[in-house]
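Each chain, written out:
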Amino acid sequence: MNTFIEQLINGLTIGSFYALVALGYSMVYGVMKLINFAHGDLFAFGAYLGYTLLTSAAGKVTATLGIWGGIAFAACIVAASVALAGVLVERIAYRPVYPSGRLSLVVSALGVAIFIQNSIMAIWGARPQAFAASVVPSYRFKIAGIPVTELQVTILAISFALMFIIWLIVEKSTFGAAVRASALDRETATLVGIDVRKVIFFVFALGPGLGGVAGLMNGLYYRSISFNMGWNYGLKAFTATILGGIGNIPGAMLGGLLLGIVESLLSGYVSGAWKDVFVFILLIVTLIFRPTGLLGEKTAEKV
Amino acid sequence: MSITKTILDRILSAPTEGGKRRVDRRTITLASIAILFLFPLMPFIDNYWIDVGFYCGIYALLGLSLNIVLGEVGLFDLGHTGFYAIGAYVTAILNTQFHLPILLLLPIAALVSGLFAWIVTAPVIHLKGDYLCIVTIGLGEIIRLTMINNPFGLTGGPNGINGIDGPSFIVPIVSSRQFYYLIWGLIAVITFGLIRLQRSRVGRAWNYIREDETAAEALGVDVRHYKLAAFVLGAALAGIAGNVYASKQMSVSPESFTFMESSLLFCIVLLGGLGSIPGTMLGAVAITVFPEIFRPFAKYRLMFFGLALLLMMIFKPAGFLPRVRDSGETLRKALGGKRRRQPVSDAQADSESGVGAASDATSGATSVAGLAARASDPASDLSLLEVKDVTLSFGGVTAVADMDACVSKGRITALIGPNGAGKTTLFNLITGIYKPLKGEISFKAEKISGERPHEIVKKGIARTFQNIRIFPTLTCLENVLCGQHCRGKAGFIGSIFRLPSQRREEESMLACADRCLARVGLAESADKLASSLPYGKRRYLEIARALAVNPDLIVLDEPSSGLNDAETEDLSRLLLSLLADGLSILLIEHDMNLVDMVSDHVIVMQTGRKIAEGEMCDIRLNPLVIEAYLGKEED
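Note that the protein sequences, when read in sequence, are chains V and D.
Count along the first sequence starting at 1, add 1408, and that's the number in the working numbering.
Count along the second sequence starting at 1, add 19, and that's the number in the working numbering.
Bound-form chain D, shown alone (with noise of 0.2 Å):
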């Protein structure tokens, strides 16, 4: 224990600075294919460890696509073995009925998984944690029981079916050698795929699901869309790890589908690091070869290695090789891209946040920069969002009542009022995350109401959130890459292969996101994760998030709380800048100093309705706000 502790520390603990720690970690990876790849070929290695080494390969692919669900969206799928034995089966049934030959089966088995997962998970994909995870524990049975109970004499009952072929690809694949290639082989071709997944705009959808959910939405991700694709694609790719697993043993049964089995997945994902795709194949390696290892104490040996995992997750509970955030270079660097852009500075940005600096070649339309032109438009005094008579109620409590608000363009507009006026719900209502019982809100002459966040998001209004909800364990530009990702398209067959529209996408949506870091003054955190940043820098950062969906209206809850007056005071700089480039802006705020020297128009809430609206300087004397905030006085 002690000794594997000091290696692996050695390994994570690895400097950090400049080049040293990549050439670690590929030397390591290099390293790991060339033993993986002459391990069968060992002299002192006999079938029997390649075996061993076949199902390490089985569990590896198993773990990988349980990663994606589990790991890299954050779903509790304690049922992925379901998806898995539906491949054997359609493998086991298709081959001993039809004769089909084992490897056409491959992408058959793949497609009935991920359609069936489509199907299954579609209604329940919107319950959350663990009923989500008591739903798959039962799909998990569900299918168990189903091949033990033998409907229409398909599965063969308890015990399963025997005399599945073997695979042949130019030549038959009979030897535990050919198998433990084949396997490994595959592996290789889907780890590929799936590492250029994670460096893509899907990847990061789904880290940003695992992280806040509500913050994902409300900046402009399809949560429902993104879930289901990590539930179709990890069945997938169990349903090719049953493929192969059916042919190997030329029999399934249902009892190498157990609950058990899905628990051990759960644990090599956990194992690993969530999310890590060298660590989810090292967790298999380990899972599969300790009990190999504790075979003389048969009686005994998972026993012990309950205690294993117990004493792991006290010891190291990030896992054997917890995910290593990808910085903007490595991300510029996958692109391939020639062009590599320095990250702007500061002072550059600076420079540039004056109206001259609109011409950046390479910002195109998805520019911040680009927003400067609108400053100047002689239609600016429109209005941009509408509120019409909209209410909403939590049970018997009346949230907003009647309420009707305009935000014209080109402005600052302030929501204030006491706390518990419903502000912050009707900030919710306008982004979409409640719908109103009545009433209509539309923006830019088109009605909004009834649609889902994301794609309020997609139609220009960004917001912030009262409880910093930033990404916390991922990187800064990671945070910011949220806010351009409704303005991507690139899916995962661009993802994957990398299409020419795709790199283009990408170098422009990182170079938006590098502007937007820079714009708030964040350029040097770029590639620091988000927790490791003060209070203050991480309003920063979700404005930045926000300033990244390139909006026309950016919608601030209480921006300044929590922010000494210096802070305040750049604040209401940076609110200044933004509205010179153009946007409009909406937001709550309680410091009414900020409010009175950022806003041209100021609306007042109380107990759910507006009491007042007009200048700061007219709202000061109001009586009933007066009123609302002081209460009423007594004589």
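Extracted from the complex, chain V is given alone in its bound form (with noise of 0.2 Å):
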């Protein structure tokens, strides 16, 4: 039972990876219809630039500010980069393009994709690079006989409560509301005096904020980071979006969590090597039966 348990935790922490990146996925491809390929790429860019924050100039924010304190003001100036770097890409890949339509844009994705990727290892380098492990908090301790490590709990804690934010937003307020309207109609939209280039914008700083910290996240989770993760995490992000139902913002966090949870399980229980093979399997078995997704809602397209 311990070790389930275990599992669930290990699972719901690399699903909060998945969700926070994934909700940038579906927050934009709602607004432009567009799946973002450069977004685990940023994602990938938030891990190094926190690297480079927390262990440059041998560690010396740490030293100033405590482990928590380094790691906030890690968090918080690569949320800001992350979210810049996603407006830039917006503005100079998928704006002049937008017009000539999808398939063109997703050339242009992917071309900024491989673009920030060999960037990212143009500046850092090929090889993976470790997190010291002066600048990661290790402390561990047990709740209820189960272990688990301080730096888990925030991280679920800090998710959680961004999701809940994120959430709040777009459901709630009357942004939000103009955001949702932009998914559903962009034109329609615009006739009734939304500024869709404003809610453009916020996606596109927003979503890769979000993933940027993420990836800072997940960069001190393991400690070890690679130029080319973001193929890896932005595949499976996606996969959880359209697990969700895509551009459906409850829809990408469950999408995200559940796939964290289903592969933790997977790798604990049948077998590490085949478990991506399974996600893949159980995510065309779910389109099979739900071609919208968990949560996406069935268009009936108009005749």
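Read the hints as simulated data drawn from the structure, not as lab findings.
Each hint should be verified, as a subset may be incorrect.
Stated by the list, open to error - One-sided excerpt, in silico: chain V residues whose CB lies under 8 Å from chain D: (1) 1501; (2) 1504; (3) 1505; (4) 1523; (5) 1639; (6) 1646; (7) 1647; (8) 1681; (9) 1689; (10) 1692.
Claimed, not checked - The list that follows gives simulated cross-link-like pairs (lysine-lysine, DSSO-like), each with its CA atoms no further than 30 Å apart: (11) D:147 - V:1606; (12) D:457 - D:477; (13) D:428 - D:335; (14) D:466 - D:454; (15) D:147 - V:1441; (16) D:407 - D:463; (17) D:335 - V:1606; (18) D:428 - D:147; (19) V:1683 - D:147; (20) V:1441 - D:335; (21) D:454 - D:478; (22) D:556 - D:478.
As the list claims (entries may be wrong) - Every beta carbon over 10 Å from chain D, so not counted as near; a handful from chain V, in silico: (23) 1464; (24) 1540; (25) 1562; (26) 1676.
Note that CB positions come from ideal geometry on N, CA and C, so glycine has one too.
Each of the two chains sits in its own frame; use the hints to bring them together as a complex.
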């Protein structure tokens, strides 16, 4: 039983990374109808930026602000920088291509993804980098006999807090209504006076911002990061997005958490090597029976 | 960049008038073939560059295979590498375990890949756009991970399989040059077949689906069948590429078949130009040669590559060589027929639309004019279409409730009612887009409810749409040919080998399409892209497309919407002349003058129910109808 709960907590942690990244995919998809393939690499960029902030200059940041202070400081800078990068990507790579249609956008997105990934490699090198032990909190304790780390608890707390805030903004605020309206029908949204450019700015800042923070937390959790980690996490998070129902905010959270838990249980109880195969089979089977994901609404095409 | 752009621009902006451009294209094609042929024979080309040429070939073949799925049918396939991997692994396993010769394995690799594609895509083919995209990504990953995990010790795990033989055809194929000619020879044969497919009923059906899936299905294209066929053919060709790749490398390993590879293929098709065969080849060459040129900047070359993709999409989103649609003349020439007909002019058509013009020698059974004979059919008062007690609801909203309606043969029946009355829903029920929850629809005394739209079309009901749904990037002629699709039979074999039956069929389809275009006064626009037509003409194009089905009943959804008075009058004349030819017409209409002018029988709907029925003069006075349109008088 204990191992089961341990796996569950582990799965939740991984799942919360997926969920945070999936939120970015989902929001961007909602408004732009675009799979932002660069999103995974922005996640990796967040991890690397955090790594540099925390470990450069012999860990001066941590030395001055303490472990938690350092992480908080890094998280703020990472969130802001990756959000900026996201907005720039939209301005440079997507906005000029948008009139040419969705397929061109996909290629443009792939181009940006390849560019960011290889820029990371050019800057930080092809070999994986490791966070120094001195900058990562390492305190472990037990809750009802289940061993957890301080970091795990923090990651879960922060992720859920962020998800809750996003949910509040998107589902409850006026601006969130504008975002949802733009997702439903961009043209009509413009007609009723919604500034869609503002909405696009918002999703391209918020999505990557969250992704960047998730990247940093992921780096701290595994301590090791590599330049091409964005592909894999991006792909998984995108799978989670589709699983939950693309363009649907609670769906992205559900999909992410579910995927993390399933993955963790599969590698714990079935086989680590085959877990991704099962994950994709699960996705395909889900889509056969629910063609628009778990929470995706059935959209009847107007004929 | 700028020099290439100028050259490209010059090529692409060559005069379109007359034969000049075709000569240009032909010269360019011949020159490219000559260059491809002579390339490995040049004295200054070493083996290294011949190998680069070989890999250009592999990517060109893969690009062509993906082009079928992505370019022709418009299905987002980002896992195409999986099929390539299967071809390569099938070759590797069967060759190393059973020592089967490589060239014998070539068709086997194609078959296994194709079969696999059929098995895995059949259950998911109904998924739309990005959902299908993630499934293909998933499939690609499943295949790659399976190879890594070495099931039953077959795939050799992460290291893959080594020691694959080279192919041998009369002499063993070993040198770079021989491999180069092998792959490009295969491409030549395959391209030959693909070009013929593009110019056939099959290729057009793919394009209809890409342009508008719903319209294609509603006009008689078996969408599911053609989508699956595209996947199977695409996978089979990728399997061939896998076979050649494995024997050239003499080894296969999972790292050659990553998601990145699939993305590259996707880019090849888009860089070249969607659906364009020469474009795809050029895209493949660009993608292969680019990293070679930038090899000195090893660390940054992929960075540049990403940037180049981005710039290309910003400045030339349609690709290097966008697909040029064939003109009617080219299509006819391709058939090799000596009896080339001039397109029917509008004037001729007018005289043809009279009852007397039914005897067009080449028209055969598939002729609109042939319908003229039916006008004087004595049994014309029979009911053609019967809707009995039909109900459909979406969630809690009942769109159509206990609806009864009847359309008589040789009549124009109008369906009117306020917005949201369920008229279009009823149309969608009749044409099979929706299935009724309750009740039955029968056509010519045969039950049609429950059948798929393309089957219903075949029985003789053709439709138009409220919001015009033409195929914008195809020519008007191709648009109208869609209607004839369901009257043809030619499949892959017939189209590739251009069997006599296929040629005859194609000729009669073209002839019919010409007549239908002329009928609505669009003969002059046959070779124009549908998207270049003004709004009013698009409506006529849709009607011509429906006429090409050679239907018994034509179902028009608000044909006059957006037309001005003069155009509406034209329309009413057209409708009456169709009626004179023996067609029966059911139309939804808001323009009461038009309804009054043309209709024999009027059915009024409100909130999903029929509230009145009869002749227009009676309907006008019916208190229920007045209430539905104007509201109840308060007093």
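A quick look at each hint next to the structure:
Taking 8 Å as the C-beta contact cut-off toward chain D, the hint placing residue 1501 of chain V at the interface holds, the least distance being around 5 Å. With a cut of 8 Å, the hint placing residue 1504 of chain V at the interface with chain D holds, because the nearest CB-to-CB distance is about 5 Å. Interface restraint check: residue 1505 of chain V against chain D, minimum CB-CB distance 5 Å, threshold 8 Å, status holds. Hint status for residue 1523 of chain V: holds, given a least beta-carbon distance of 3 Å to chain D, under 8 Å.
At about 7 Å, the closest approach between the beta carbon of residue 1639 of chain V and any beta carbon in chain D falls short of 8 Å, and the interface hint on this residue holds. Because the beta carbon of residue 1646 of chain V sits about 7 Å from the nearest beta carbon in chain D, less than 8 Å, this interface hint is met. With 8 Å as the threshold, the beta carbon of residue 1647 of chain V comes within range of chain D, its nearest partner Cβ sitting at about 6 Å, so the hint holds. Residue-level restraint check for residue 1681 of chain V holds (minimum Cβ-Cβ distance to chain D is 5 Å; threshold 8 Å).
Checking residue 1689 of chain V against chain D: minimum C-beta separation of about 7 Å stays under 8 Å; hint holds. For residue 1692 of chain V, the shortest C-beta to C-beta distance to chain D is roughly 5 Å, which falls under 8 Å, so the interface hint holds. Between the alpha carbons of residue 147 of chain D and residue 1606 of chain V the distance comes to roughly 29 Å, so the proposed pair stays at or under 30 Å and holds. Proposed proximity of residue 457 of chain D and residue 477 of chain D is supported: the alpha carbons are some 24 Å apart, at most 30 Å.
As the CA atoms of residue 428 of chain D and residue 335 of chain D are separated by approximately 53 Å, the hinted pair breaks the 30 Å bound. As the CA atoms of residue 466 of chain D and residue 454 of chain D are separated by approximately 12 Å, the hinted pair is consistent with the 30 Å bound. A C-alpha spacing of about 13 Å is found between residue 147 of chain D and residue 1441 of chain V, which places the hinted pair at or below 30 Å, so the restraint holds. Of the supplied pair hints, the one linking residue 407 of chain D and residue 463 of chain D holds, its CA atoms being roughly 14 Å apart against a limit of 30 Å.
Under the criterion of a C-alpha separation no larger than 30 Å, the hint pairing residue 335 of chain D with residue 1606 of chain V is consistent with the structure, at around 28 Å. A hinted pair counts as satisfied when its Cα atoms are at most 30 Å apart, and residue 428 of chain D with residue 147 of chain D does not qualify at roughly 38 Å. Between the alpha carbons of residue 1683 of chain V and residue 147 of chain D the distance comes to roughly 26 Å, so the proposed pair stays at or under 30 Å and holds. Distance check on the hinted pair: residue 1441 of chain V and residue 335 of chain D sit about 21 Å apart at the alpha-carbon level, within 30 Å; holds.
Using a Cα cut-off of 30 Å, the hinted pair residue 454 of chain D and residue 478 of chain D holds, with the two alpha carbons roughly 17 Å apart. Between the alpha carbons of residue 556 of chain D and residue 478 of chain D the distance comes to roughly 27 Å, so the proposed pair stays at or under 30 Å and holds. The non-interface label for residue 1464 of chain V is consistent with chain D: the shortest C-beta to C-beta separation is roughly 21 Å, beyond 10 Å. A cut-off of 10 Å between C-beta atoms confirms that residue 1540 of chain V is not in contact with chain D; the least separation is 26 Å.
Every CB of chain D lies more than 10 Å from the CB of residue 1562 of chain V, the least distance being 32 Å, so the non-interface label holds. Once the 10 Å rule is applied to beta carbons, residue 1676 of chain V is consistent with being away from chain D; the minimum gap is 17 Å.
When the structure is compared with the earlier hints, violations turn up for hints 13 and 18 and for no others.
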